[in-house]
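The chain contents come next:
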Amino acid sequence: MKLKPLADRVIVKLVEAEETTKGGIILAGAAKEKPEVAEVLAVGPGGMVDGKEVVMTVKVGDKVITSKYAGTQVKLDGEEVTIVRQNDILAIVE
Amino acid sequence: MKLKPLADRVIVKLVEAEETTKGGIILAGAAKEKPEVAEVLAVGPGGMVDGKEVVMTVKVGDKVITSKYAGTQVKLDGEEVTIVRQNDILAIVE
Amino acid sequence: MKLKPLADRVIVKLVEAEETTKGGIILAGAAKEKPEVAEVLAVGPGGMVDGKEVVMTVKVGDKVITSKYAGTQVKLDGEEVTIVRQNDILAIVE
Amino acid sequence: MKLKPLADRVIVKLVEAEETTKGGIILAGAAKEKPEVAEVLAVGPGGMVDGKEVVMTVKVGDKVITSKYAGTQVKLDGEEVTIVRQNDILAIVE
Amino acid sequence: MKLKPLADRVIVKLVEAEETTKGGIILAGAAKEKPEVAEVLAVGPGGMVDGKEVVMTVKVGDKVITSKYAGTQVKLDGEEVTIVRQNDILAIVE
Amino acid sequence: MKLKPLADRVIVKLVEAEETTKGGIILAGAAKEKPEVAEVLAVGPGGMVDGKEVVMTVKVGDKVITSKYAGTQVKLDGEEVTIVRQNDILAIVE
Amino acid sequence: MKLKPLADRVIVKLVEAEETTKGGIILAGAAKEKPEVAEVLAVGPGGMVDGKEVVMTVKVGDKVITSKYAGTQVKLDGEEVTIVRQNDILAIVE
Chain A
6 MKLKPLADRV IVKLVEAEET TKGGIILAGA AKEKPEVAEV LAVGPGGMVD GKEVVMTVKV
66 GDKVITSKYA GTQVKLDGEE VTIVRQNDIL AIVE
Chain B
6 MKLKPLADRV IVKLVEAEET TKGGIILAGA AKEKPEVAEV LAVGPGGMVD GKEVVMTVKV
66 GDKVITSKYA GTQVKLDGEE VTIVRQNDIL AIVE
Chain C
6 MKLKPLADRV IVKLVEAEET TKGGIILAGA AKEKPEVAEV LAVGPGGMVD GKEVVMTVKV
66 GDKVITSKYA GTQVKLDGEE VTIVRQNDIL AIVE
Chain D
6 MKLKPLADRV IVKLVEAEET TKGGIILAGA AKEKPEVAEV LAVGPGGMVD GKEVVMTVKV
66 GDKVITSKYA GTQVKLDGEE VTIVRQNDIL AIVE
Chain E
6 MKLKPLADRV IVKLVEAEET TKGGIILAGA AKEKPEVAEV LAVGPGGMVD GKEVVMTVKV
66 GDKVITSKYA GTQVKLDGEE VTIVRQNDIL AIVE
Chain F
6 MKLKPLADRV IVKLVEAEET TKGGIILAGA AKEKPEVAEV LAVGPGGMVD GKEVVMTVKV
66 GDKVITSKYA GTQVKLDGEE VTIVRQNDIL AIVE
Chain G
6 MKLKPLADRV IVKLVEAEET TKGGIILAGA AKEKPEVAEV LAVGPGGMVD GKEVVMTVKV
66 GDKVITSKYA GTQVKLDGEE VTIVRQNDIL AIVE
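Residue numbers (the numbering used here), protein chains in the order written: chain A, 6 to 99; chain B, 6 to 99; chain C, 6 to 99; chain D, 6 to 99; chain E, 6 to 99; chain F, 6 to 99; chain G, 6 to 99.
Keep in mind the hints are simulated off the structure, nothing from the lab. Hints should not be assumed to be uniformly reliable.
Below, a list of computed lysine-lysine pairs in the DSS-like style, where the Cα atoms sit at most 27 angstroms apart [what the hints assert, rightly or not]:
(1) G:Lys64 with G:Lys7
(2) G:Lys73 with F:Lys9
(3) D:Lys57 with D:Lys73
(4) D:Lys18 with C:Lys80
(5) B:Lys80 with C:Lys57
(6) B:Lys73 with C:Lys80
(7) E:Lys80 with E:Lys57
(8) A:Lys7 with B:Lys73
(9) E:Lys80 with D:Lys64
(10) C:Lys57 with D:Lys73
(11) F:Lys80 with G:Lys7
(12) G:Lys68 with G:Lys80
(13) C:Lys64 with B:Lys64
(14) B:Lys9 with C:Lys64
(15) A:Lys64 with G:Lys64
(16) E:Lys64 with D:Lys80
(17) B:Lys73 with A:Lys57
(18) F:Lys7 with F:Lys18
(19) A:Lys64 with B:Lys9
(20) F:Lys9 with G:Lys64
(21) A:Lys57 with G:Lys57
(22) G:Lys7 with A:Lys68
(23) D:Lys57 with E:Lys64
(24) B:Lys7 with B:Lys80
(25) B:Lys80 with C:Lys64
(26) F:Lys18 with E:Lys9
Produce the entire structure from the sequences given, and follow the hints as far as they go.
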């Protein structure tokens, strides 16, 4: 069972705080608030969104940083994922 | 008797919480708030909406996740349905 | 005496609650608030509205569901009608 | 002395409450608030307004219903008139 | 010394209340608030403003009515003038 | 050391109140609030800004009047300058 | 490990207050609030952003001044960086 995002939407899953720290990237104050580095689980098809052509540039497996508070949280097979618009993804962690 | 949605609107009906849990997908906090997995009952024709061409990509029978609070609730032959814009549908559950 | 709506406006008249119940469609909480199934009395010509081409798709006699709170109420020969934009009409009741 | 409206603006003058009642059209609650049936006194030239082509469809002498609270009130030779945009005119009373 | 307005801006100077009354045009409540009939002192060149072509249709010497509260007040050689966008000019007084 | 403004931005420096008074132009209430006549120190290249072509029409040395509260203040070699968008410049003082 | 900004985003790192003072540029009140001169660490590819073509004009190593409060702060290998849109960069310090 999986979620297939529509339009310019992307499904991401927060990377655990431990892992994030290991990778050396944590958000400011991450010890207190939840970190916002996430892994891309699924990518929408893009295309015309709100009358504008959107090309998807992130891909499944990318580690990304998203805008705080962006997106809708959904529980998938017991795991919490977030559905964001690609435009809410700020950067890819390499 | 049925509702025929206009433009980019889609009529959805929330899937019962029991069923959702069986399918393994529930929204965060769904035990407390109402789940937002819904089944598509009817799909508008799309076309020019607010001066922008909209192609409908969901179809009747799709299980979908919608933005929280999106849409207008209507009672249809005793059942409560919600009328949303396609743009408020975030993902299809497969 | 009648009202001729301009641009993308549509004049609707709420269908009485009794009638609505008979038809089997009432809005959630309709017993407490006023129902929003309405009959179309007049349809504007459409055309360029706010720089966008609008084609009118509802017609006189259609039973429709409108967005809550949309439109301006006017008393016409003692009857209360509402002037809405076509975009505030969500669905046609068939 | 008269006012020549610019762009998509229209000058209207509220029709007296007495007259309105005779005509059978009053706004809901009109006994308490001022009625909003008005007569068109002058019509702007239309043309490009905010980058959009506007064609004027109302004409001098039309009885119209405007959005509540729309426009700017001006006293002209002792009479109060209102300057509205054509888009704030909802319908023509025939 | 003078001000040369940019883009779609227009410099106007309120006509004295005495003069306004003589001309027979005063704004509602003008005895209490400042009148808003003004004379055009300078007109910007128009052209592309915010990506939209603006043609200037008012000219120096026009008596105009502006939106209330529109514009920025500036003192010029001891006289107070107001800089408005042409779009805030509602009508020309003839 | 200097600042090179980007896009449609312009760097201005408020002209001293004394000087402004000599020139005969002060903003209403300027004795109490800071005057808003400023000299242009640097002009951005213009070009596509927010998807719209912007042509720069002010030049270094122009005395200008800006919208109140517009812009960001920066200290440059001990002097306070303001970075505004060209669109916040209302008029040139000649 | 590094961050690769998407679309029109730029990663900047605030230049230390000491260094800023040496360079002679500090923001008004910088002694009390954090300075906003920053160095560009990475630049997104630009391209179509929100339906508008964006060309990136800043480059890695540029010292820039950004809008106050713009952007999202992220900790990268122990250093705090900020992800802003290019449009939030006001000027380049030369």
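Okay, the hints, checked on the actual structure:
This hinted pair checks out: Lys64 (chain G) and Lys7 (chain G) have alpha carbons roughly 16 angstroms apart, not beyond 27 angstroms. Distance hint between Lys73 (chain G) and Lys9 (chain F) is fulfilled; the C-alpha atoms sit about 18 angstroms from each other, no more than 27 angstroms. Between Lys57 (chain D) and Lys73 (chain D) the alpha-carbon distance is near 24 angstroms, which keeps this suggested pair within the 27 angstroms criterion. About 19 angstroms separates the Cα atoms of Lys18 (chain D) and Lys80 (chain C), which keeps this hinted pair within 27 angstroms; it holds.
A hinted pair counts as satisfied when its Cα atoms are at most 27 angstroms apart, and Lys80 (chain B) with Lys57 (chain C) does not qualify at roughly 33 angstroms. A C-alpha spacing of about 36 angstroms is found between Lys73 (chain B) and Lys80 (chain C), which places the hinted pair above 27 angstroms, so the restraint is violated. Distance check on the hinted pair: Lys80 (chain E) and Lys57 (chain E) sit about 30 angstroms apart at the alpha-carbon level, beyond 27 angstroms; violated. Restraint check for Lys7 (chain A) and Lys73 (chain B): the C-alpha separation of about 20 angstroms stays at or below 27 angstroms, so the hint holds.
Distance check on the hinted pair: Lys80 (chain E) and Lys64 (chain D) sit about 41 angstroms apart at the alpha-carbon level, beyond 27 angstroms; violated. A C-alpha spacing of about 24 angstroms is found between Lys57 (chain C) and Lys73 (chain D), which places the hinted pair at or below 27 angstroms, so the restraint holds. A hinted pair counts as satisfied when its Cα atoms are at most 27 angstroms apart, and Lys80 (chain F) with Lys7 (chain G) does not qualify at roughly 32 angstroms. As the CA atoms of Lys68 (chain G) and Lys80 (chain G) are separated by approximately 20 angstroms, the hinted pair is consistent with the 27 angstroms bound.
With a CA separation close to 26 angstroms, the supplied pair Lys64 (chain C) and Lys64 (chain B) stays within the 27 angstroms bound. A threshold of 27 angstroms between alpha carbons decides the hint, and for Lys9 (chain B) with Lys64 (chain C) the separation of about 14 angstroms falls inside it, so the pair holds. Distance check on the hinted pair: Lys64 (chain A) and Lys64 (chain G) sit about 26 angstroms apart at the alpha-carbon level, within 27 angstroms; holds. In summary, the hint linking Lys64 (chain E) to Lys80 (chain D) is supported, as the alpha carbons are separated by about 23 angstroms, within the 27 angstroms threshold.
This hinted pair checks out: Lys73 (chain B) and Lys57 (chain A) have alpha carbons roughly 24 angstroms apart, not beyond 27 angstroms. The hinted pair formed by Lys7 (chain F) and Lys18 (chain F) meets the criterion: a straight-line CA distance of about 13 angstroms does not exceed 27 angstroms. Restraint check for Lys64 (chain A) and Lys9 (chain B): the C-alpha separation of about 37 angstroms exceeds 27 angstroms, so the hint is violated. Proposed proximity of Lys9 (chain F) and Lys64 (chain G) is supported: the alpha carbons are some 14 angstroms apart, at most 27 angstroms.
Simply put, Lys57 (chain A) and Lys57 (chain G) have alpha-carbon atoms about 9 angstroms apart, close enough for the 27 angstroms limit, and the pair holds. Taken as a hint, the Lys7 (chain G) and Lys68 (chain A) pair is honoured in the structure, with Cα atoms around 11 angstroms apart against an allowance of 27 angstroms. As the CA atoms of Lys57 (chain D) and Lys64 (chain E) are separated by approximately 22 angstroms, the hinted pair is consistent with the 27 angstroms bound. At most 27 angstroms may separate the alpha-carbon atoms for a hinted pair to count; Lys7 (chain B) and Lys80 (chain B) meet this at roughly 11 angstroms.
Using a Cα cut-off of 27 angstroms, the hinted pair Lys80 (chain B) and Lys64 (chain C) holds, with the two alpha carbons roughly 23 angstroms apart. As the CA atoms of Lys18 (chain F) and Lys9 (chain E) are separated by approximately 19 angstroms, the hinted pair is consistent with the 27 angstroms bound.
When the structure is compared with the earlier hints, violations turn up for hints 5, 6, 7, 9, 11 and 19 and for no others.
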